[in-house]
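Peer 1: Next come the chains, spelled out residue by residue.
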Amino acid sequence: MPLIRFDIIEGRTDAEITALLDAAHRAVLIAFAVPERDRYQIVTEHKPSRVIAQDTGLGIERTRNVVVVSVVSRARSQASKQVFYAELCRELQEACNVEPSDVIVSFTSNSDDDWSFGNGVAQYLTGDL
Amino acid sequence: MPLIRFDIIEGRTDAEITALLDAAHRAVLIAFAVPERDRYQIVTEHKPSRVIAQDTGLGIERTRNVVVVSVVSRARSQASKQVFYAELCRELQEACNVEPSDVIVSFTSNSDDDWSFGNGVAQYLTGDL
Amino acid sequence: MPLIRFDIIEGRTDAEITALLDAAHRAVLIAFAVPERDRYQIVTEHKPSRVIAQDTGLGIERTRNVVVVSVVSRARSQASKQVFYAELCRELQEACNVEPSDVIVSFTSNSDDDWSFGNGVAQYLTGDL
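Residue numbers (our numbering), protein chains in the order written: chain Z, 1 to 129; chain P, 1001 to 1129; chain U, 2001 to 2129.
Derived by calculation from the structure, the hints in this document are not laboratory data.
Each hint should be verified, as a subset may be incorrect.
Said to hold, decoys possible - Taking lysine-lysine pairs in the PhoX-like style, the calculated list, with each CA pair at most 25 Å apart, reads:
(1) K47/Z with K1047/P
(2) K2047/U with K1047/P
(3) K47/Z with K2047/U
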């Protein structure tokens, strides 16, 4: 946790996708101070016509590099989410040449009893985490 | 925002998918009165065996046209969600020949600080939106 | 409801996927006591490099059989979710040879007015459910 989905346009190489996931995870580590191996990432690649990402009138231009990041996490502070937005953009630009204008993020929150990381138990309840 | 996922069965043409997304966005505009370019849509096409959409005993029959719509949004009133369900079905029937019996919708709510539409900031917090 | 997404690695046969979904639904029926046809399941298959599922330091090893289960549901009790985690693992191991160490689950909760199962209405509000 968090569990993060990345919806992107098809066309990146495997190495580029790995770089993207590594960069995003560095932002997670900085923003939320989770354990290094608290890493759950799923990428789905789409044909261009299957992703529409406009700008709510903000004047932001998207390219084929657009990354839609959907995070499910236990509650995080407003401050830590803001750090995540900034760090994620910085990392993706540095490591992947993805412009900050192509990074869209949405969070959904849940609770301790909403997670099982394996073995059929809720590790935040059992004391394993 | 909202960010809307459409899970559908493979087989539609590009034009049909575009028509579906356009129709769904018209329903968003009417139900939630968001800006015209507040449009974030992701389509994933599946083999028929990968989508099971029964009816909770309601007696609703599904076809290959079934559309599972998953919305993530800031809190919306009960009334506006009800308008959305009705408008979405009306639009999809008129524009795409999708029967209302094939339209399943689920909402998940989040908050102002849960969105970044680009540039590494939370636009609902910065005052940009 | 619940609506359940299964993110898995490509390579399973259709029959194996059907067995997986059937097994998962049996766990839903036991844990949440919903109607038999309260079944909404979506499977997405990914290339191995598109799913990273580590272990938050728990010492859990994953294989290509890993199943990431994302549930959206009305509020469920902590006890019923714990039953679900356990039953899901038991079922997947028995029916599909998926080890409990390969089963990751995350819940997100919503409300009565967040669901429409068809026909443009919110069945938990109209009294249909």
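Peer 1: Would you mind marking each hint as holding or not holding in the structure?
Peer 2: Results for each hint:
1. K47/Z with K1047/P: Holds - the C-alpha atoms of K1047/P and K47/Z are around 16 Å apart, at most 25 Å.
2. K2047/U with K1047/P: 16 Å, holds
3. K47/Z with K2047/U: 16 Å, holds
The structure shown violates none of the earlier numbered hints.
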